[in-house]
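Trainee: The lines below spell out each chain.
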Amino acid sequence: MLSVRDVTTAYRGLVAISGVSIEVAKGEIVCVAGANGAGKSTLLKSIAGAERPRGGSVTFDGVRIDGLAQHLITAHGIAFVPENRRLFPRLSVRDNLRLGSYLHRGAADREAPLRLVFELFPRLSERLAQRAETLSGGEQQMLAISRALMTRPRLLMLDEPSQGIMPKLVDEIFAAVKRIRDAGMTVLIVEQRMAECLDIADRAYILQTGRVLMQDTAAAIKVDPDVRKAYLGL
Amino acid sequence: MDKAFAARRRRDLMVAAGLVIIAALLPLFVRNVYIQNIMVLTLMYTALSQSWNILSGYCGQISLGHSLYFGLGAYTTALLFTKLGVLPWFGMLGGGIVSALIAMALGYPCFRLRGHYFVIATIVIAETTLLLFQNWEFAGAALGIDIPIRRDSWLTFQFARSKLPYFYFALALAAVAWFVTWWLEDSRWGYWWRAVKDNPDAAESLGVVVFNSKMGAAAVSAFLVAVGGSFYAQFVSYIDPDSVMGFQFSLLMALPAVLGGIGTLWGPMLGAVILIPLTELTRSYVGGSGRGVDLIVYGTLIVLISLVRPQGLVGLFAPRRKVAAP
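Each protein sequence line maps, in turn, to chains A and B. Read left to right, the first sequence gives residues 1 to 234 (this note's numbering). Read left to right, the second sequence gives residues 235 to 560 (this note's numbering).
Hints may contain errors.
As the list claims (entries may be wrong) - Straight-line distance between alpha carbons at most 25 Å, and here's what the computed DMTMM-like set of lysine to aspartate or glutamate pairs gives:
| no. | chain 1 | residue 1 | chain 2 | residue 2 |
| --- | --- | --- | --- | --- |
| 1 | B | K397 | B | D386 |
| 2 | B | K237 | A | E111 |
| 3 | A | K168 | A | E139 |
| 4 | B | K237 | A | E139 |
| 5 | A | K178 | A | E111 |
| 6 | A | K168 | A | E83 |
| 7 | A | K168 | A | E196 |
| 8 | A | K26 | A | E196 |
| 9 | A | K178 | A | D6 |
| 10 | A | K168 | A | D109 |
| 11 | B | K237 | A | E83 |
| 12 | B | K237 | A | E133 |
| 13 | B | K237 | A | E126 |
| 14 | A | K26 | A | E133 |
| 15 | B | K237 | A | E23 |
| 16 | A | K26 | A | D182 |
| 17 | A | K222 | A | E160 |
Worth flagging that the hints you see were computed from the coordinates, not collected in a lab.
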């Protein structure tokens with residue numbers, strides 16, 4: 001479904017990822033893990049069009065999307081929830097959700113993903129009239145994911161969804177990710193909390209200093225002795 | 235999206251309809267021509283402020299140069315009527331279209347500016363245009379244009395004997411400006427504008443074309459303000475650059491919205507209903523010796539509102555929201 005080949009992205013000459021290739025098949029949850037500064041976020045941004053890769057190609061369902069503007073990539077069916085979430089803080093929860101849905105023309109099309117959203121995060125439905133900035137960190141993350149779902153994506157990309165969130169809500173969010181996949185979407189997720197992420201993922205990549213160090217099924221990576229030592233602290 | 239929201243919108247519409255009916259009946263009880271005059275002005279500023287609020291309140295592009303569009307509306311109507319005999323009704327439409335086009339032409343360079351720089355640009359452009367009109371012989375230069383008085387008629391939209399036709403037109407204009415805002419609030423454009431105001435970068439990533447959204451808001455806003463200007467030209471039947479394009483109009487469009495609640499549906503109306511009668515009354519009662527007392531009133535109100543209720547008065551009327559159980 002998504003195929004990233006030899007992508008290199010640099011910030012002002014500073015290479016963040018170089019020659020990274022990953023594949024994501026339909027219906028998978030793929031986890032990209034690695035230490036700080038390994039290039040995980042850069043990889044997602046390069047796919048989403050928030051950064052322009054310097055080399056390599058990104059193909060989504062057979063169409064090349066590297067170099068397209070960000071909103072056109074969203075229109076192709078890739079939704080991206082960046083680390084800083086990019087919500088509209090002074091707008092209500094309802095308005096934030098609505099703004100995700102305006103990619104689609106018909107009202108019915110726009111409302112359709114709401115059922116899934118409220119099923120996943122019932123607490124959002126109680127807070128529709130509240131301003132986004134008044135939500136807790138976890139609720140804001142839920143809203144950011146929900147807004148991404150309102151664009152009716154085929155591929156959902158999450159950058160560090162657990163960051164700055166209390167542990168109970170982290171579990172809730174990971175559970176939601178699984179259910180999003182069960183609802184027919186594909187998920188590419190970047191996480192520092194590798195243990196939890198590997199629990200729900202099918203496959204995983206480990207990045208180190210801008211390159212793919214290792215790739216395997218999540219189950220195999222979880223029991224790999226080097227990984228356990230270096231990343232899981234076991 | 236949810237029932238509470240749909241219900242609130244229906245309630246807003248019903249309240250507005252109720253207010254229009256009450257306002258329409260007011261002249262039955264108010265026979266005093268001076269008070270009727272204040273009512274006409276209040277309704278006109280309600281409409282103007284409501285239109286200003288679309289660009290500056292919802293889309294967040296604060297303009298202090300909307301007197302430009304007001305003046306363009308007035309001049310287009312007056313020039314078309316005196317030079318070509320075109321009826322004011324077509325003049326209104328023409329003025330609106332001219333203003334909307336000019337708003338977009340000016341928006342093209344200006345919407346690249348953000349914050350204070352944009353505000354300053356709007357003031358400078360309006361003041362420059364004022365100077366141009368003061369020196370434009372064809373448009374009467376500083377002397378302005380006398381609109382020739384004909385028989386009272388809806389055709390030429392002139393009424394020397396009664397204020398009531400003007401009153402009902404101003405009421406209709408205020409109602410239309412309110413309804414347009416109400417309708418846009420829950421439309422694609424309304425959401426885009428609020429997104430542009432709140433976080434333009436996030437808006438862009440969701441596929442909102444920020445620049446085009448601002449252009450749309452500017453066009454709608456300028457169109458409606460110009461119709462107000464056309465109306466004003468007919469109402470006073472004499473215009474000169476200072477009396478339709480002066481900076482005070484830009485202020486008088488912004489202040490009601492700021493007072494009532496900027497970027498809200500009811501704010502401009504609430505602000506205008508308080509502010510306009512207050513200024514008119516202080517002007518005539520303190521008048522003569524105290525030209526400028528009305529300005530002191532504005533100043534005091536603005537200081538008070540920014541100290542006590544920077545979000546505007548409109549929230550005072552909102553029903554207390556129930557706190558959701560944890």
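Trainee: Quick one: which hint numbers does this structure break? Sort them smallest to largest.
Mentor: Checked against the structure, the hints that fail are numbers 9, 10, 11, 14, 15, while the rest are satisfied.
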